[in-house]
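**Q** Here are the chains, one letter per residue:
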Amino acid sequence: MSNDRSALLLAVAWLVALLATLYSQYTLQIQSLLPCTWCWYQWVLLYPQAIILGVATWRGDYGIRHYALPFNFIGIAVGLYTLSQPGCTTNPACVVALVALVVITLCLAMVKPKTLTG
Amino acid sequence: MSALTAVDRRNRWLVALAFLVGLVATVGSIYYSEVRYFVPCELCWYQRYWMYPQVILLGLALLRNDWNIKLYALPLSLVGIATSVYHLLEQNFPGIFARACKSAVPCSIEYIPSFPIPAQALVAFVIITVALLLVRRKS
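In the order they appear, the protein sequences are chains W and S. Counting in the working numbering, the first sequence runs from 4 upward without gaps. Counting in the working numbering, the second sequence runs from 17 upward without gaps.
For the record, the hints were derived by calculation from the structure and aren't laboratory data. It cannot be assumed that every hint is accurate.
If the Cβ cut is set under 10 Å, some of the chain S residues that face chain W in the computed set are [as the list claims (entries may be wrong)]:
{"id": "1", "residue": "Ala32"}
{"id": "2", "residue": "Tyr65"}
{"id": "3", "residue": "Leu73"}
{"id": "4", "residue": "Asp82"}
Taking CB as the label site, the calculated pair distances span [claimed, not checked]:
{"id": "5", "chain 1": "W", "residue 1": "Ile33", "chain 2": "S", "residue 2": "Gly111", "range": "39 to 47 Å"}
{"id": "6", "chain 1": "W", "residue 1": "Asn6", "chain 2": "S", "residue 2": "Pro122", "range": "44 to 52 Å"}
{"id": "7", "chain 1": "S", "residue 1": "Phe131", "chain 2": "W", "residue 2": "Asp7", "range": "48 to 56 Å"}
Calculated from the model, a selection of chain W residues having no Cβ within reach of chain S, i.e. all distances over 10 Å [unchecked claim]:
{"id": "8", "residue": "Tyr26"}
{"id": "9", "residue": "Asp64"}
{"id": "10", "residue": "Ala80"}
Glycine included, each C-beta is placed from N, C-alpha and C at the ideal position.
Using the sequences and the accompanying hints, generate a full structural model.
**A** This is the structure:
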C-alpha cells in the first residue's frame, strides 16, 4: 500500500524533472530564448534528476531521495536568487524549473525511504 | 558501522578517485567562467550538467559506503563522454551538425587551444567512467 504510494510519488517526481528539462530545451532550441547565467546554473540541479530519478523509478529505489533531495535544496536556493536577478525571467523555463524543483521536493519528501540492497 | 570488507575498501578508493576527479573538474570549470571570465557556450553548460552532479552523488555515496551509486553516476558520465566528443567534433569540423549553438558565444570558441576545455572534460568523464565500471556492487 505505502509502497504503491512511494512508487507513484517517485514516478511523478521523475516525470516532473523530465518535463521541466524538455520544456527548457523547447524554449532554447525552438523559441531561441537565451537564459541568464543563473538560470543555466539552476538547470545544473534539474537536468541530472531527469536521469537519476528515471533509473530510481525503474529500480524502485526509494533510497534515491538521500541523493536527490540535496539537488533540490540547492536548486531551489539558486532558483530563488535567479528570480531576483535582472533579465532572468525572460525565459519562462527558469521559473518553470524552480516550480519543478519544489514539486520534486514535495514528492520525494513523502516517499518512504527504503534502500534497495544488491 | 560494520567493518569494511576488502571489496568495500577497493570500492572506496575507486569512488574517491571518481569523486576527486569530478571535484577538480567542477571547481576548475567555475574558475574558468567566474575568475577567468571564459563565457561558457551551450555545449559547455551541458558538460557541466553531467559533471557537477558527480560531486554530490559520489560524495554522499562515499559517506554512506553505497556502491549502488554507480547505477546512477555511470549514466551521467556516459552522457558526459558523448557530449564532450560531440563538442570536440563541432570545434574541429565546424558546422558538421548543422546546428546553431544557443548561447551568447558560439560552441566553436576555444579559450585554451593547447588543451581544449571539452578535451579536459572528456579526460575527466573517462576516468570517472572507468573507475565506476571497476566498482563492484554487493551480490
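**Q** Does each hint hold? Answer for all of them.
**A** Going down the list of hints, with the structure as the test:
Proximity of Ala32/S to chain W is violated relative to the hint, the smallest CB-CB distance being about 17 Å (cut-off 10 Å). Taking 10 Å as the C-beta cut-off, the interface hint given for Tyr65/S holds, the closest approach to chain W being about 4 Å. Because the smallest distance between the Cβ of Leu73/S and any Cβ of chain W comes to about 6 Å, under 10 Å, the interface hint for this residue holds. Nearest Cβ of chain W to the Cβ of Asp82/S: about 8 Å, under the 10 Å cut. The hint holds.
With their beta carbons about 21 Å apart, Ile33/W and Gly111/S fall outside the hinted range of 39 to 47 Å. Distance hint check for Asn6/W and Pro122/S: the Cβ-Cβ separation is about 50 Å, which falls inside the suggested range of 44 to 52 Å. Take Phe131/S and Asp7/W: their Cβ atoms lie about 52 Å apart, and the range 48 to 56 Å holds. For Tyr26/W, the shortest C-beta to C-beta distance to chain S comes to about 14 Å, beyond the 10 Å cut-off, and the non-interface label holds.
Listed as outside the interface, Asp64/W is inconsistent with that label: its C-beta sits roughly 8 Å from the nearest C-beta of chain S, within the 10 Å cut-off. No Cβ of chain S approaches the Cβ of Ala80/W within 10 Å, the least distance being about 14 Å, so the stated non-interface status holds.
Consistency note: the structure conflicts with the earlier hints numbered 1, 5, 9.
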